[in-house]
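Protein chains in written order, with my numbering: chain A, 1289 to 1693; chain B, 108 to 388; chain C, 2 to 345.
There may be inaccurate statements among the hints.
Unchecked claim - Straight-line distance between alpha carbons at most 20 Å, and here's what the computed SDA-like set of lysine to any residue pairs gives: (1) C:Lys-181 x A:Ser-1462; (2) B:Lys-165 x C:Pro-151; (3) B:Lys-249 x B:His-341; (4) B:Lys-160 x C:Glu-260.
Just so you know, these hints were derived from the structure itself, not from any lab.
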Amino acid sequence: MKSLFNLCLDMLKYGFKGDAKYMAWLGFLSFFVIFWVYGNYQQLAYGMAVTGLTDQVSWGIYLANFIFLVGFAAAAVTVVFPAYVYKHEGMHKVAVLGEMMAIAAVVMCILFVLNHMGRPDRLWHMIPYIGIYNWPNSMLTWDVLVLVGYLILNAVCGFYYLHQKYTKQPINKSWYIPLVFLAIAWAFSIHTVTAFLINTMPARPMWFHSMMPIRFIVTAFAAGPCVIVLVFLLVRKHTKLVIDDSVFNLLSTTITVCLGLALYLTLSEVVTEFYHPTEHALGLKYLIYGVQGLDKLVPFFWISIALMLGSFIMLLFPSIRKNLKILPFLCVAIFTGIWIEKGMGLLLPGFSPTPIGEMTEYYPTWIEIGNSLGNWAIGFIVLSVLVKGAVGVLVGDISYEKNQA
Amino acid sequence: MKTRLLKSVIIVAGFAMLSSASYAENKESKENKESKKETVCFESRDGRSQVVKREVKKGVPNVKCSSTTGGVLWWGDPFDGTVPMGAMPITADYTNEEAVVKPREKEIDKNKLLSVCTTACHNGEYVPVPTSMKPRKLTMHKDIVPDSMNLQHGRGGIWCLNCHSATNRSKLIDNFDNEISFNQPQKLCGKCHGPIYRDWRDGIHGKRIGMWQKGGKKRWWTCTECHNPHDVQHGTRNSGFAQLAPELAPEIPKGMKTTNHENHAHGDTPWWEGIFGGSHH
Amino acid sequence: MSEDQNKLQESVKQPTRRDFLRRTGEVSVASFVGAAGLLANAKDVQATTTWAEHFQKNYRLMTDQEKKESAERLEVRYSEEYGKKVTVDTSDAIDGVLFGYALNIQKCIGCRRCVKACVKENNQSRNNTQIEWIRVIRMEKGEFLKENMPKGYPPVEGEEYGVQVGGNAYSPAGVVLEGKHYYQPEKVPEKEAFYFPIQCMQCEKPPCVKVCPVRTTYREPDGIVVVDYNWCIGCRMCIGACPYWARRFNWGEPNLPKEEMNPVTHYLGNRPRMKGVVEKCTFCIQRTRKGRYTACIEVCPVGARKFGNLLDPDSEIRKVLDRKRVFRLKAEANTFPKFFYFVD
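Start from the sequences and build out the full structure, keeping to the hints where you can.
So, in structure tokens, the structure goes:
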């Protein structure tokens, strides 16, 4: 226990220190946190009237970001799975960084959910026995269960691994490996359950199809590894940790395949909905070319398609895919494209039209945008600190003997 | 100098706030007094069913009125000012219900005097009782029926004396020469409009307020409270039911500036719609 | 030097005791007057929620005693807030009663009196945000037009019609696909339209109840789907799941003017809500459990709305279901609404 406590403390200390560029990065993120504090105060004091949400469009960018980030959390599996199932040596060395990123992503998810709730002071109503936990009926309770479980799993797996490295002890494979396998399966479940959250509502015909879970998984496994690639490139450049090229090749292959699948599923959706468009296709119509003259989302959709399709075609060429100078830009493009398509591009058209046919458009207010950016900033601060701390343990900058010395 | 100025400013401001508070109170009570003038709204047909708003219980008014259309929106006491409806002509379970109506007899009874004593009409002479039932052109009551030979009810099948008693102007009359009170027009209307009467009797047609339970007390709207029997065929009207001004539409939701998109004409179709089959939305 | 210093000292007068007293006196008077001014203008004290109300149980699981206590707390809070004697009823469902509703779309003239009567009865927020539980939709009946026929697809050379899609498709011909919500003509009913009011359907199998993570919305024995406003966490899953767009959310603190407040309330019905909770039509539970019709039934000027006990064969609602052509909205959703539509 003492060593675990020291590990956490050392990681924190190491994570919040760094060279000028790193401190500038943390400072840049803290800037957003200032707006986050103000925005959250406004929302807690005045209610959600400070957002642009209405009875017509009652879920906005908070849940859009939540859905996207659950995907990002699940994408840790793209690192952990090859490391433990295929025993990919390069990945095995850095798998724990994937787990750290998953923890940061789940933290962001929780923050977005708290921002979305009308009464966060009544969160205790969800605790079983003290409150009422409507499981298994309510899909939201399943979501809470899997997300909390995933957070615990990643924390336990990740910190156990780091702790053993920190104290130079061997890893007890008898329970650790099964737990890792559980975490891998659990990762698939968190994003499946999140998809079930929205695709089990007949009232929302744009979402009410069985393709939703698989779309979520493939887009998650296309967007998540983009961030992982960027983080790994930064780790490679700025720390002593050696990350093998094979890691990047595997990740970029994963991205390519999953992006291709995602585009294929988008094509399938478009053809199915528009061959004979019923009233149920109105949401998708609103997204792709506008309905009743309302078309604010249309440019976003086409930009995201351009980004995804363009990146996919470029990634098909191994010379580009393996080029670690071009890859980061493609990763940013893919991440943005999928964020648009899966975040706002999925959530907002689900509410236009309303189930009784009213078309409206939604504009997030500055407070909403500020809170969202603040949540991302906090998430990235957590990610930076955890990843840096983990790298410190892996390269030996932090160790129990140094701590005790 | 500066501090003194500041202090005097504070004192003046404080007095200003005090006086404005008392002024606000005064203004409020004055406004209350002004708004104490009557609020009048109509229960069914405008002009025929006005009611004045007043308190029946502490904090509960008898009606709440619409400020946009002048119609009653809410009844505090549904039975305010009602009298028993009287027996239904056909026996059924509902005859055990307590049924009340807003009376029209009081108003109609004013006409009783005219039928016998007055010399107000017919060139100062005593108004004779009609001798024949044959329809003929009338010179009076043109505000209610502009042309007695073209009554907008029944398409030439009926005229005034088929419903109004020739001898007793404050009663209606049926085909058996039974006098019918103006409080119970259904006994007359139901003779021709059988299916509608049956639906009304069972509560499916027409309006009732009060207690929903079977046997519960209800105030029934009688036929003429909604339908003007002199005017039912009129082109722009709906079964003798005049059009109303609608209440206000809901507020435009946040994020929308106008509701013009609802009126969006079916515009151009994108080029690829031609591949999948035209649809001009 | 010392002369200058003396001159300097003279120009800066040392405070005397008199000065001190005078200054203190001025400041006190000023602050007194200022405070009095502020107090005189101060709004009525917004009664704050007590700890007891914050930590109370879900209403459905409360004992009768706890329900009574909760209602009393609310009565005290509401009475102070609105300056009138407010009652919060906690009566249970009447035995042997299942409420049903039928709306005659042959008769509805789209006057929206039901919408406004409901607001007068049920204490919704009036502005910022405006909440109305009933929404009336205007369905336009258009004509099939000869001049539309050439607009078909694909256009056939020399002929004026479409082989695959007719030119009158996607027009309001017959009846329009999508109704209008914000119609505001001078008079209703309009000749070319009919009207369709929609409110909570009080489903027998409500999708909103199933998705609620904390069971704050649930079916009562008399069939009314209710919300315990003190238990709702504001996650808005129910608003997403309702196929009829029947549920509303209090985005901010509701704005209910004191003089508009209806003091006769029910815990599960029209008691004033707070920010961050969901609300919807409750079939005027405060009235119907005491035997009275709902506000929308009573106000409808054309008698289009019918209500009663579905389990009583002599009720008007059962007679409607027996005799009239009845349908449910979105019946394919299998929500089994108890709000029916019929035509004469």
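Check: What are the numbers of the hints that this structure violates, sorted from low to high?
Finding: 1 and 2
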